[in-house]
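With the hints as extra help, turn the sequences into a complete structure.
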Amino acid sequence: MASVHLESHDDLGTAVRVRLAGFVRSLRDSGYKVGLGETEDAIRLLRSDIIKRPQRLKEAFRALFSGRLSDWTKFDDVFDAYWLGRGVKSGIKVSGSSSRKTTKTIREMVDAQGPPQDTIAGDVDRVPGEEDEPSDETPSGRREGASIADHLGKADFRNIHDPEQLAKAHELAEKLARAMRIRLTRRDKQKRKGPRLDLRKTIRHSIAQGGTPIELIRKGPRTRQLRLVILLDASGSMSNYTGVFTRFVHGLLDNFREAEAFLFHTRLVHVSSALSERDATRALDRMGLMAQGIGGGTKIGEALADFNRSHAARVIHSRTCVMILSDGYDTGTPDQLGDEMARLRKRCKRIIWLNPMIGWDGYEPVTGGMQAALPHVDLFAPAHNLDSLAALEPYLERL
Amino acid sequence: MTTQTKDTLAEALAGAGYVADDGLAMALLLTEMLNRPLLLEGEAGVGKTEVAKALAKLDNTDLIRLQCYEGLDRSDAIYEWNYQRQLLAIKAREGSGDNAETVEEAVFSEKYLLERPLLAAIRQDKAPVLLIDEVDRADEEFEAFLLELLSDFQVSIPELGTIEAKSIPRVILTSNGTRELSDALRRRCLYHYVDYPDPSREARILLSRVEGLDTALALQIAELMGKLRKEDLTKVPGVAETIDWAAALVGLGTKNLHERRETVFDTLVCVLKTREDQARITPEVTDRLLGKVA
Chain P
-8 MASVHLESHD
2 DLGTAVRVRL
12 AGFVRSLRDS
22 GYKVGLGETE
32 DAIRLLRSDI
42 IKRPQRLKEA
52 FRALFSGRLS
62 DWTKFDDVFD
72 AYWLGRGVKS
82 GIKVSGSSSR
92 KTTKTIREMV
102 DAQGPPQDTI
112 AGDVDRVPGE
122 EDEPSDETPS
132 GRREGASIAD
142 HLGKADFRNI
152 HDPEQLAKAH
162 ELAEKLARAM
172 RIRLTRRDKQ
182 KRKGPRLDLR
192 KTIRHSIAQG
202 GTPIELIRKG
212 PRTRQLRLVI
222 LLDASGSMSN
232 YTGVFTRFVH
242 GLLDNFREAE
252 AFLFHTRLVH
262 VSSALSERDA
272 TRALDRMGLM
282 AQGIGGGTKI
292 GEALADFNRS
302 HAARVIHSRT
312 CVMILSDGYD
322 TGTPDQLGDE
332 MARLRKRCKR
342 IIWLNPMIGW
352 DGYEPVTGGM
362 QAALPHVDLF
372 APAHNLDSLA
382 ALEPYLERL
Chain R
63 MTTQTKDTLA
73 EALAGAGYVA
83 DDGLAMALLL
93 TEMLNRPLLL
103 EGEAGVGKTE
113 VAKALAKLDN
123 TDLIRLQCYE
133 GLDRSDAIYE
143 WNYQRQLLAI
153 KAREGSGDNA
163 ETVEEAVFSE
173 KYLLERPLLA
183 AIRQDKAPVL
193 LIDEVDRADE
203 EFEAFLLELL
213 SDFQVSIPEL
223 GTIEAKSIPR
233 VILTSNGTRE
243 LSDALRRRCL
253 YHYVDYPDPS
263 REARILLSRV
273 EGLDTALALQ
283 IAELMGKLRK
293 EDLTKVPGVA
303 ETIDWAAALV
313 GLGTKNLHER
323 RETVFDTLVC
333 VLKTREDQAR
343 ITPEVTDRLL
353 GKVA
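Residue numbers (this note's numbering), protein chains in the order written: chain P, -8 to 390; chain R, 63 to 356.
Calculated from the structure, these hints are not laboratory results. The structure displayed is predicted, hence computed values, not measured ones. Just to be clear, a hint being listed does not mean it is correct.
When the alpha-carbon atoms are kept at most 30 Å apart in a straight line, the in silico BS3-like pairs for lysine-lysine are as follows [claimed, not checked]:
hint: 1; chain 1: P; residue 1: K65; chain 2: P; residue 2: K24
hint: 2; chain 1: P; residue 1: K43; chain 2: R; residue 2: K115
hint: 3; chain 1: R; residue 1: K292; chain 2: R; residue 2: K335
hint: 4; chain 1: P; residue 1: K337; chain 2: R; residue 2: K173
hint: 5; chain 1: R; residue 1: K115; chain 2: P; residue 2: K49
hint: 6; chain 1: R; residue 1: K289; chain 2: R; residue 2: K317
hint: 7; chain 1: R; residue 1: K292; chain 2: R; residue 2: K115
hint: 8; chain 1: R; residue 1: K173; chain 2: R; residue 2: K153
hint: 9; chain 1: R; residue 1: K317; chain 2: R; residue 2: K297
hint: 10; chain 1: P; residue 1: K49; chain 2: R; residue 2: K119
hint: 11; chain 1: P; residue 1: K337; chain 2: R; residue 2: K292
hint: 12; chain 1: P; residue 1: K65; chain 2: P; residue 2: K43
hint: 13; chain 1: R; residue 1: K335; chain 2: R; residue 2: K289
hint: 14; chain 1: P; residue 1: K49; chain 2: P; residue 2: K65
hint: 15; chain 1: R; residue 1: K292; chain 2: P; residue 2: K65
hint: 16; chain 1: R; residue 1: K297; chain 2: P; residue 2: K340
hint: 17; chain 1: P; residue 1: K192; chain 2: R; residue 2: K173
hint: 18; chain 1: R; residue 1: K335; chain 2: P; residue 2: K340
hint: 19; chain 1: P; residue 1: K49; chain 2: P; residue 2: K24
hint: 20; chain 1: P; residue 1: K43; chain 2: R; residue 2: K119
Listed below in C-alpha cells is the structure:
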C-alpha cells in the first residue's frame, strides 16, 4: 500500500514550521476549515520528496486543505498571496474588520434585550400573538421582549422606522425561523412508527422464547426531510423588506443542511454559503458582499431562468418546497416569467410565493408578472409582518 | 503499484484508460501517501466514477462499490445478519438442551454474518479500491457511520466486537452536490473538483477509449462538445456521452465532421438526452457550432 516512501530522517526547520503555521492561519482567516490533522499531513508532505516544485506543493496543499468547491477555486489566490507574496484579490480584510464592528453592535443589542440565549421552547411559545397577554407588571428583560414581539407582530415592516425597533423585528424574524425549523425537524423524528418488521430485533428477542418470534418488533419508515429552496428578491422596491427577510432566511438556513438560498435582482446569486455563517451579522455582511454589483430593476423571469438552468437540477428534489419572496414587480416579460415558473413547478413539490404587498389594503395581484406566475403557485401568502411569517408554519408542516 | 511521482501516476492512469489532469494526479498520489479518502465533486458525467475504476485496474486490485441512495443504512452498507439461517439454526437446536446463551453465541457468529460493501472492503487481504458513489444521496446519519469507518478503518458489531481492517482500502467518494456534505466528512477527505475536460484532454480520453478513431476527428469532436456544453441545455452532456457519440461516428465511417453535417446532426441523439435539448439544437444550430470548429 504505502509504496510512496516518506523520508523521515531530519526534522523540518523551525522556520518552515512557523511559515506553515502562518499559512494555516491565513487559510482559516479565509474561511477554510482546517484542523490539526491537516497540518500534520502538511508537515508529512513537506518532508516527503514528492514535492520538488512550488506548483506541486500548491496542487498537494489544494487537495489537502480544500473541503468544497469554493475553497478549491480560491485556493490559488490564498496560496500565492501567502507563499509568493502576491496580493489577494478578495476583500478579506475589509469584510473582516467591518464584521467585527457590526458583531459588536449586535452583541450590544442582544445585551440590551436580556439574556442572549433563551431556550428554544421559550422561543416557540412566544411566537407573536400566541401567549403573551399585555401585562401591567414592571417589564423584566424577558417580558419586555415578549411584549415588543406582540406589538411588532402586526406592524408592517415598511412602517417600522425606529432603528431599534427594526433591529428587534429582524431578530424576532430570525428566532421565529429557527423555531419553525426546529419544529419541522422534530416532526420528522416523531413519526417513526410503521409497518416494516425489524427482523434483527425480532429474532434477538425470540431467542429467549426458544426461537419463536412471539413479539414482533417494527421499524418506522425512513423519515424524509423537506428541503427548502428560497429565492429572495433584493430589488429596490423590496428594500423595506429585504433586511427582515434575510434574517428570516438566515434563521431557516443556519446549520440546516436541507436548505438553499438565492438572492436575485437583475441576476441571481447563490448565497447559501454566506448564510451558513453562524453569526447573523457576519452572514449578512458576507451576503452583502456577494450581492454587490447588482442593481436596476427586477428581472424575475431571467433570474428564474438562470436558476432553472444552472441550479435546479442540483438543489431541487421531489420533496423540495421553493419559497419565493418577492413583490412581483418585474421589468422582464410576463411570458418568460410564466414559462420559467411552469418549468420550476414540474421539478418541485410546492411553490410558495410570499408577497409583502398582499398585506396592504386593497392590493390585487394585477401586474403582468404576478398574473403570469400565479397559476403555478401553490400558496400565495402575505409576508409583511411577523404574524404573517408565523402563519406559514402550519402550511410548511403539511408538506 | 510502483508510482513514485505525479507524472508517472498520470501516465499509468492513462494506460489504465483514464486521462487525469495534474491536480487530480497529485490528489490521487496523496490518497496513497496520507491514507486519506479522496472526495471528488463535479457535475454528473465528468468521469468521477471512472477514476476509481481506473485506479483499481492500475493497482490490479478489486473495486468495491457502494452506490449511495436515500435511506441507505448500516445493514445495506456495512453488515447484516443472515436471519433465515439464524432462524433455522435456532430451530435445529430446539431439542438439543442448549441454554439460550449458547444458542445466542452460536447464532451471532461470523458464520451468520453477511458482509456488505464497507465491511467487505476492510476485510480483503489485498487493499481494494473502495468507491462510495454519490455520497450526497445518502442521508446525514449515514455520513456518521462513514466517518467512523473512514477515520479508524474499523467496524464495531455489537455481537462480535470490533473488526479491524486487514488492509486499508483506497477510498474514493463522489458527490454531485445534491446535498451539502458535513464539514466533518469533508475534513476527513482530500478534495478535488472534477470539471468537464478541455478539448485536448477530452480528445485524449476519446483516443484512449474509442477504437479506430483518428486524432484529427477526436479533436474535432472534443471541440464541438466544448461548444455544445456552452449552449443553453437542460442536461449538459458528459464525457460518457462524448465517447458514445465518437463511437457512433466512427461506426458510421465518419472521417471529418465538416463533410458530414447531416450525420453529425442525426447522431446528436447520442449526446442530447432531453426533448427540449433536441428541439433546441436544430440543424441550423448544428451548422453554427460546426462553423466554429477549426
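Now for the hints, and whether the structure bears them out:
Between the alpha carbons of P:K65 and P:K24 the distance comes to roughly 14 Å, so the proposed pair stays at or under 30 Å and holds. For the given pair, P:K43 sits about 29 Å from R:K115 by alpha-carbon distance, which is consistent with the 30 Å threshold. For a cut-off of 30 Å, the pair hint linking R:K292 to R:K335 stands: about 16 Å separates their Cα positions. Using a Cα cut-off of 30 Å, the hinted pair P:K337 and R:K173 is violated, with the two alpha carbons roughly 50 Å apart.
A C-alpha spacing of about 26 Å is found between R:K115 and P:K49, which places the hinted pair at or below 30 Å, so the restraint holds. For the proposed pair R:K289 and R:K317, the alpha carbon gap of about 20 Å is at most 30 Å, so the pair holds. A hinted pair counts as satisfied when its Cα atoms are at most 30 Å apart, and R:K292 with R:K115 qualifies at roughly 29 Å. Of the pairs offered as hints, the one joining R:K173 and R:K153 holds, with about 16 Å between alpha carbons and a cut-off of 30 Å not exceeded.
The straight-line distance between the Cα atoms of R:K317 and R:K297 is roughly 27 Å, inside the 30 Å bound, and the hint therefore holds. Simply put, P:K49 and R:K119 have alpha-carbon atoms about 28 Å apart, close enough for the 30 Å limit, and the pair holds. Annotation: proposed proximity of P:K337 to R:K292 holds, straight-line Cα distance about 24 Å (limit 30 Å). Of the supplied pair hints, the one linking P:K65 and P:K43 holds, its CA atoms being roughly 23 Å apart against a limit of 30 Å.
Annotation: proposed proximity of R:K335 to R:K289 holds, straight-line Cα distance about 17 Å (limit 30 Å). Between P:K49 and P:K65 the CA atoms are separated by roughly 12 Å; this keeps the pair inside 30 Å, and the hint holds. Taking the CA atoms of R:K292 and P:K65, the gap is about 23 Å. The hint holds against a cut of 30 Å. Taking the CA atoms of R:K297 and P:K340, the gap is near 21 Å; set against the 30 Å cutoff, the hint holds.
With a CA separation close to 19 Å, the supplied pair P:K192 and R:K173 stays within the 30 Å bound. Taken as a hint, the R:K335 and P:K340 pair is honoured in the structure, with Cα atoms around 23 Å apart against an allowance of 30 Å. With a CA separation close to 17 Å, the supplied pair P:K49 and P:K24 stays within the 30 Å bound. Among the hinted pairs, P:K43 with R:K119 is consistent with the structure: their alpha-carbon atoms are about 28 Å apart, no more than 30 Å.
Hint 4 from the list above is the single one not met by this structure.
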